[in-house]
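Residue-level listing of the chains:
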Amino acid sequence: MSEAKPEIVVSASGLVKSFKGFRAVDGLDLTIERGMIYGFLGPNGSGKTTAMRMLTGLLTPTEGKVEVLGLSVPKDAETLKYKIGYMTQSFSLYGDLTVLENLNFMATIYGLHGKYRKRRIAEVLERYELTDLKGRFAGKMSGGQRQRLALATAVLHEPPLLFLDEPTSAVDPESRRHFWEQLFDLVEAGTSIVVTTHFMDEAERCHKIAIMESGQKRADGAPKDLMAAMGANVVEIEGPNLRDIRRKLLGAEGIVAAAQLGARLRVLVTDDIADPQAFLEDKPETDGASLIERVRPNLEDVFVTATGEGRQ
Amino acid sequence: MRPLSRIAAIFFKELAQLRRDRMTFGMVIMIPLIQLILFGYAINTNIRDIPVAVVDHSQTAISRILIQMVEATRVVKVTERLYSIEEAQDAIKSARVRAAFILPDDLAQRIVRSPATGFETPPSTDEETSRPVAQWIVDGSDTMIAGAIKGLRNMPLAEIFRQAPNRSTPTFEVALFFNPEQRTAINIVPGLVGIILTMTMIMFTSAAIVRERERGNMEMLINTPVRPMELMIGKIIPYIFIGLVQTGIILGLGHLLFNVPFGDKILDLFAGTLLFIGASLSLGLVLSTIAQTQLQATQMTVFVLMPSILLSGFMFPYEGMPVIAQYIAEALPATHFMRMVRGFILRDAGLIDLHKDVLWMCGFFVLGMAVAALRFKKRLD
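Chains F and A, in that order, are what the protein sequence lines are.
Residue numbers for the first sequence follow the working numbering, beginning at 196 and rising by one.
Residue numbers for the second sequence follow the working numbering, beginning at -2 and rising by one.
Be a bit skeptical, because a hint or two may be false.
30 Å max Cα-Cα, derived DSS-like pairs, lysine-lysine [stated by the list, open to error]:
1. F:Lys270 to A:Lys374
2. A:Lys374 to F:Lys260
3. F:Lys335 to A:Lys375
4. F:Lys215 to A:Lys375
5. F:Lys215 to A:Lys374
6. F:Lys215 to F:Lys260
7. A:Lys374 to F:Lys278
8. A:Lys74 to F:Lys313
9. A:Lys375 to F:Lys270
10. A:Lys375 to F:Lys260
11. A:Lys90 to A:Lys74
12. F:Lys278 to A:Lys90
In case anyone wonders, no lab produced these hints; they're calculated from the structure.
Same shape as in the complex, but just chain F (with noise of 0.2 Å):
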């Protein structure tokens, strides 16, 4: 909106959210920047949507400061509240309304009137694909139009900050990369979104990402720097008895993780070994195995070295 916008939309340092003993959020320090889709990755219960309900205020931090475009949280959520937008993580529109009449009550809670509102409203629908459903009840809707509905309702009052609580868990992958789609015209157009999500390929599109396990944040940064930073080595071998070499391999000196996929065991070596590909030709477990190489790291490996997921 103005030119005085802080660069930093959210900032928050040590914030702690513990629940009757559990640290839920344990020690984040976040600075999410104007203009780019911030997401928070994680298994489900590390703590991904506690820290965003802190952001917005919904749960009061046990510990920790948090500052939203240039707010104090929790101390002025309801100032905040004009200014962002918020998906819930289920659907949480009302499903015995109309996609207009949820709009339309919407657009009034938020204060918008006159020709703004209509303008808004019609924008909306056209943008979200919802003017030919605009009749038909929220509840009786497929899981991706409801996605619609529910992103449309969120960005009606334009705020330049969107929170999105993992928004593509109930909709096919069609919806989903079209969800996307929206999401960068809504960065274009200046808006910043923080976004969580346990889907890998997300993940990889969103400008930077927080690693959350246990309610730590393991790593952040860009994907792709966080791939060239991830401290070890892909290979990937193919032959039989993959189950059997995994177990062999698993623990031994210098592996950090192995994996299958599909016909193939995805193994990741610590980068101190200069080269992995001919460390584990060398190795006798990997006898009989058709082809090993080397190969592109992608965010699951990143993920699997940053949180514990591949040391048990």
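Put chain A on the given structure of chain F with help from the hints.
Here is chain A on its own, set in the frame of chain F:
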């Protein structure tokens, strides 16, 4: 303007949801309609036609006349004739009859000497004449039934001898105001307004907030700039209209079917009913901020509803209850409304006459709204 338009948005949203919930919408009309007809006709504290057995050991013309006289009171109805007292006791035990009328074989002698025949008044110390003419054995577990039959205790017997009963001068004169015909419906119908409003108002509102929580709408709603008070007010306005419609149905039909008057204090009645609706709604909102599920909300409603029916004076007189129970009853809005509505309709009382109840109700409403708005947090923790 924002608060007002937000309240309006919530109001119209509630209305749209209510309109589409056919079952609930139907119950809004059917509950007062059916219950008024049912209770208006069914509840009757003037007990009649209690089924009784007769054990006639006398088997004389005079015993048959006596039985007919007893039946003519319409208090009891002879449904069985038995031959022994044991049989009569069994009949009572198995609930075929509520009482048994035992006529001894020396009935004629007893009647002739009985003071109830009105020939003369013998000294009460006279053993022979102070004997009752016959006996009732009664299932005394139901105090209302027992009371009705006890009323027959001093039945005059002069008619047996074709004589007009002696005009007895009562010790006291009793003048019955407001309901001289002693029709139960006169008391029940206005009271029913209180019961039905307690039920529907508390039930609807206690479910109102919980429903948003259960259906997952709450997380979205608390992420918007809506204020708790706006949400509360927007949610209760539709139910105020519903409450007024229900009151109209009960009092209108009560007038048509049971001839219950509206009274002269229509405005006071309207204001008093609005106050009671407000108090019930605010109580419902408080409950809805406590309950986590709709089932819990329903249970809490019943928790309030039962004492509202039994302690408010709707069924049993408030004055008959022990002091502690009266204190509990005083805490219920229904008790105050019972006094108010019967006052407006039957006793031509106004808001001024009942100012204590009016003030109490105002206080309850304001406190309830404040507690509900304070308890409603726009936080998840």
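Going down the list of hints, with the structure as the test:
| no. | hint | result |
| --- | --- | --- |
| 1 | F:Lys270 to A:Lys374 | 14 Å, holds |
| 2 | A:Lys374 to F:Lys260 | 21 Å, holds |
| 3 | F:Lys335 to A:Lys375 | 29 Å, holds |
| 4 | F:Lys215 to A:Lys375 | 20 Å, holds |
| 5 | F:Lys215 to A:Lys374 | 19 Å, holds |
| 6 | F:Lys215 to F:Lys260 | 20 Å, holds |
| 7 | A:Lys374 to F:Lys278 | 20 Å, holds |
| 8 | A:Lys74 to F:Lys313 | 75 Å, violated |
| 9 | A:Lys375 to F:Lys270 | 12 Å, holds |
| 10 | A:Lys375 to F:Lys260 | 19 Å, holds |
| 11 | A:Lys90 to A:Lys74 | 18 Å, holds |
| 12 | F:Lys278 to A:Lys90 | 76 Å, violated |
Of the numbered hints stated above, those contradicted by the structure are hints 8, 12, listed in ascending order.
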